[in-house]
Amino acid sequence: MQIVKAVTCPVCGSLCDDIELVIEDGKVLKVKNGCAMCESKFLSVTSEHRILKPLIRKNGELVETSYKEAVAKAAKILAEANYPILYGWSSTSCEAIRVGLQLAEEIGGVIDNTAVVCHGPSILSIQEVGIPSCTLGQIRHRADLVVYWGSNPWSAHPRHIERYTAFSQGRFEKSGWRGYLTKMKASAVKKKIESAFRRAFLKRKPPSPSTEVREPPPTIYREGRKLIVIDARKTRSAEIADYFIQVEPNKDYELLQAFRALVRGQELDVDKVAGVPVEYLEEVVDVMIGCDFGILFFGLGLTMSRGKLRNIDAALSLVRDLNMRTKFVIMPMRGHFNVTGANTVFTWQTGYPYAVDFSLGYPRYNPGETSVVDVLLRQESDATLIVASDPVANFPKKAVEHLVSNPLIVIDPHMNATAQMADIVFPSAFVGIEAAGTAYRMDHVPLPLKKVFDPPKGVLPDEEILRRILAEVKRIKKRRAKEAS
Amino acid sequence: MELLIRNGFVFDPINGVNGEKMDIAVRDGKIVEKVKGKRVRKIDASGMIVMPGGVDIHCHIAGSEVNSGRLLRPEDHFRDFEPKTSVTRSGVGYSIPSTFTTGYRYARMGYTTIMNPSMPPLEAKHTHEELSDTPMVDKASYPLLGDWWFTLEYLRAGDIEECAKYIAWMITSTKGYAIKIVNPGGLEAWGFGDNVKSLDDQVPYFCITPRDIIRGLCKVNRLLNLPHTIHVHTNNLGKPGNYQTAIETMKCVEDLATENKPAIHITHCQFCAFKGEDWRTLESGAEEIANYVNSHSHVTMDMGQVIFTDTTTMTADGPFQYTLYELSGNKWVNHDVETETSAGIVPFHYRRKSYVHAIQWSIGLELALLIKNPWKIFMTTDHPNGGPFTAYPKIIAWLMSKKAREKTLKKINPKARGKSLLPSIDRELDFYEIAIMTRAGQAKALGLKNKGHLGVGADADIAIYNVNPETTDPSKKYKLVRKAFKRAAYTIKGGKIVVKNGEVISHVEGATMWLDVQTSEPAKISEEMKRKFKEYWTVEYENYPVTEDYLEISQPINVKASV
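Residue numbers (the numbering used here), protein chains in the order written: chain A, 14 to 498; chain B, 25 to 587.
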């Protein structure tokens, strides 16, 4: 039995790096410090969904093959393609992404990462407005006001609140976990009593939750950390918040602009904005201006609801405006563990964070044109390489139809929907468990991913598979150039 | 491979060679006495200038702030791109080029050693990953240590030796090269949106002043025997009247200098040489600063020259960048790093017709010309803050030719022209002085023994420029000089020809230099340190240091400390 400490968890953008693993015979026995998602990832490495041999489609069936043949075939497809797509990248290491970019440049393809379908709009807005931000430790030490907007960290980034924000213990701000714990217990007891009461006496279904927004409680004026959640529905995170604002669906933009107007000292001559009485908003703005250090985290509830990049534009501007009055910062809640890293590596090598087109021999960037879904919808691509992603399961149907009508190469540890439709499948090692590398946390802090034990025999890391494909592509192109001359 | 560069006019100030016609021999990447035989590749440099490869003491080319700048500004890249060739990778410019392009553009100008001046220790891995993707040049990076909580706490306790041990640990763990101090105290204050205003302001919550920090780290620097001095971006940077702060900063370590050796490097001095009450009454403080520097031997500095162009400003000085955002209304990025530092980015356009910008342009050149000893002031633009490094040939022309300066003077804001000291300065630098300001002096200030000269044993990093110093009068033919420095006839890196006639002909990787500082007993990375780690940072102690495999080519330099 062996204990490995300080392991970085390759699941979400929080990138907790304090995981302890108990290992025996190349298997994880126990996961300490991790959340449920972390635990299930480390424990599922040896699951039956693993692909262990390269597969190639022959007569409509995926059959096992050798790496050599798979690499040769894949390289041939990519080298011959006119306008190939290379997509995924957010769940692999920066080292693999570096090779991927070189491959894209070599074959003149479009390379894009999953940011295009999550925080792409955020990036577009950052390019318009800029972003006042910081690392997560800064929030731990200093933030006395934490706002989550359109994001539900309690369920999606389970340790975010505990490690970095409201429940964490900092130099200048103390943890508020005791208060929240009492509150959660009370809320659970209340729920139980209510449902028991209903069952015993009323025998009817629970009433639909009221959407009436409560008045801000006096506790949001207290000293110390305060947590505000703004969302279209009452999430688990909303339940523990000091104050929850239920915004009417798709009205985030109005609410943000109302906050901006109030921060700039303008009067609003309406009673309600997005279902929230203006006098409540005024109180919240007072709290925002009155805090020593505020942070606004936003999730896909803001980036992918109506308004998209305009919502983020307004959120960034709101926070920028707040800096006239106090210290305020903003941060997107990134999902995949290395989506930030994908944007980072793309940017340093090409100047652009996603949707990079190499078809003219140099990096070109025009989201809407060079972004992968748009390329697919215009039916322009003629081959695809997918690394650590499952677009068949979550892209628009039309885009998927074009995607699978062309040669498709997949590098993934799992037999996911995309892999099932593929022509060539490379099994890969889990980076962060079976392969080392680097990933970037949502606040751009790079962390090492550990190799805890060896991958199954014959399974290679993404980086190595890509290197082999790249070498083969170069060989084919050299041969072709020779023949031409 | 053996090389023989024949008949060039050699400018090698460290060895006192001033334009003599001589041959330079190279074997296995080093300069040697002579090479013989048929296999020696000969380069005919007759009628050309041969200099050591260029050294840049301060330019932001890699790391989190540079990359945020790239991400922030697609409009900066659209018109300036470089397609892939059979030897080079593709990339984009302009003011914040992508990593490969950065390397190629430096090499084309004959530069071979680059210092990246601001690395947040927590994000050092990022800096090194980018440096590993920056080809053609050797490089190093300075960790930001002036507002690190350990520094503040140990200096406040007066425990210089203990502080020195932690600094040594930090430099080695982040694979850094020198102690960088940016707006000391101000960055910690910026954590809550404040700043410090003078050398004697208290840093909130820490009971220490910027003066204590600078003096303390200057002593630490000496205890550790680091090759470079402390590298200081002063308080009040970019504010009218700040030339006094700059002079006070230099004064405050006057007594710490020994044997006439420099004790402090004031970086991008142009930005802290402003006289006047406000922007309207802004004037140059270059004369006062030059007078001080001319009469003291403990200071080196670099220019931070402004170029009239669109660029991207980025510093670790968060509060300054916020002021710049307020002034310009341009998009603004801020990035504070826990327990260590901050950073800010604002795009900026320097305009000829703007009074302030024109004065700034003038200040940079005044400093370079009024400071008599070229070993004390080096040519930089604080890339990309004053303008992109690709403008260096322009600056060389301005420094070498009064005519070139007058031509630009004619085009600038008339009020600024009236205030500029440049018309009263007749000094024109020669090639020897240019060689000092662009390579020899910088290498000496950095303590790089094998760089910046062409003596036997030096690294064979050589630049050859196609301009004949015997027949060309740079004062009149400044355009010719500019052209020659823009596109080196040859750049030789580690004994290999990498650029010919301004084109990259070979892609080579450069080494990353870092200091392996050995203290008599290492800093107590004890339970105490680990406990503090848990409190101060949000990453585990084990995951913090940069391991050597992050460096494409690792070149440790051993330093034996006196503690």
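FYI, nobody ran anything at the bench for these hints, they're computed from the structure. All C-beta atoms, glycine included, are put in the ideal place defined by N, C-alpha and C. Hints should not be assumed to be uniformly reliable.
Just a few of them, taken from the derived set where beta-carbon distance is under 7 Å, the chain B residues facing chain A [claimed, not checked]:
| # | residue |
| --- | --- |
| 1 | M46 |
| 2 | D47 |
| 3 | A49 |
| 4 | V64 |
| 5 | K66 |
| 6 | N91 |
| 7 | P98 |
| 8 | S110 |
| 9 | V111 |
| 10 | S122 |
| 11 | C231 |
| 12 | I232 |
Below, computed lysine to aspartate or glutamate pairings styled on DMTMM-like, alpha-carbon distance capped at 20 Å [as the list claims (entries may be wrong)]:
| # | chain 1 | residue 1 | chain 2 | residue 2 |
| --- | --- | --- | --- | --- |
| 13 | B | K108 | A | E485 |
| 14 | A | K464 | B | E186 |
| 15 | A | K464 | B | E572 |
| 16 | A | K495 | A | E119 |
| 17 | B | K558 | A | E485 |
| 18 | B | K558 | A | E33 |
| 19 | A | K18 | B | E551 |
To see whether the hints hold, each was checked on the structure:
no.: 1; hint: M46; in the structure: violated, 41 Å
no.: 2; hint: D47; in the structure: violated, 38 Å
no.: 3; hint: A49; in the structure: violated, 36 Å
no.: 4; hint: V64; in the structure: violated, 31 Å
no.: 5; hint: K66; in the structure: violated, 30 Å
no.: 6; hint: N91; in the structure: holds, 5 Å
no.: 7; hint: P98; in the structure: holds, 6 Å
no.: 8; hint: S110; in the structure: violated, 9 Å
no.: 9; hint: V111; in the structure: violated, 13 Å
no.: 10; hint: S122; in the structure: holds, 5 Å
no.: 11; hint: C231; in the structure: violated, 14 Å
no.: 12; hint: I232; in the structure: violated, 15 Å
no.: 13; hint: K108(B) to E485(A); in the structure: holds, 19 Å
no.: 14; hint: K464(A) to E186(B); in the structure: violated, 35 Å
no.: 15; hint: K464(A) to E572(B); in the structure: holds, 17 Å
no.: 16; hint: K495(A) to E119(A); in the structure: holds, 17 Å
no.: 17; hint: K558(B) to E485(A); in the structure: violated, 46 Å
no.: 18; hint: K558(B) to E33(A); in the structure: holds, 15 Å
no.: 19; hint: K18(A) to E551(B); in the structure: holds, 16 Å
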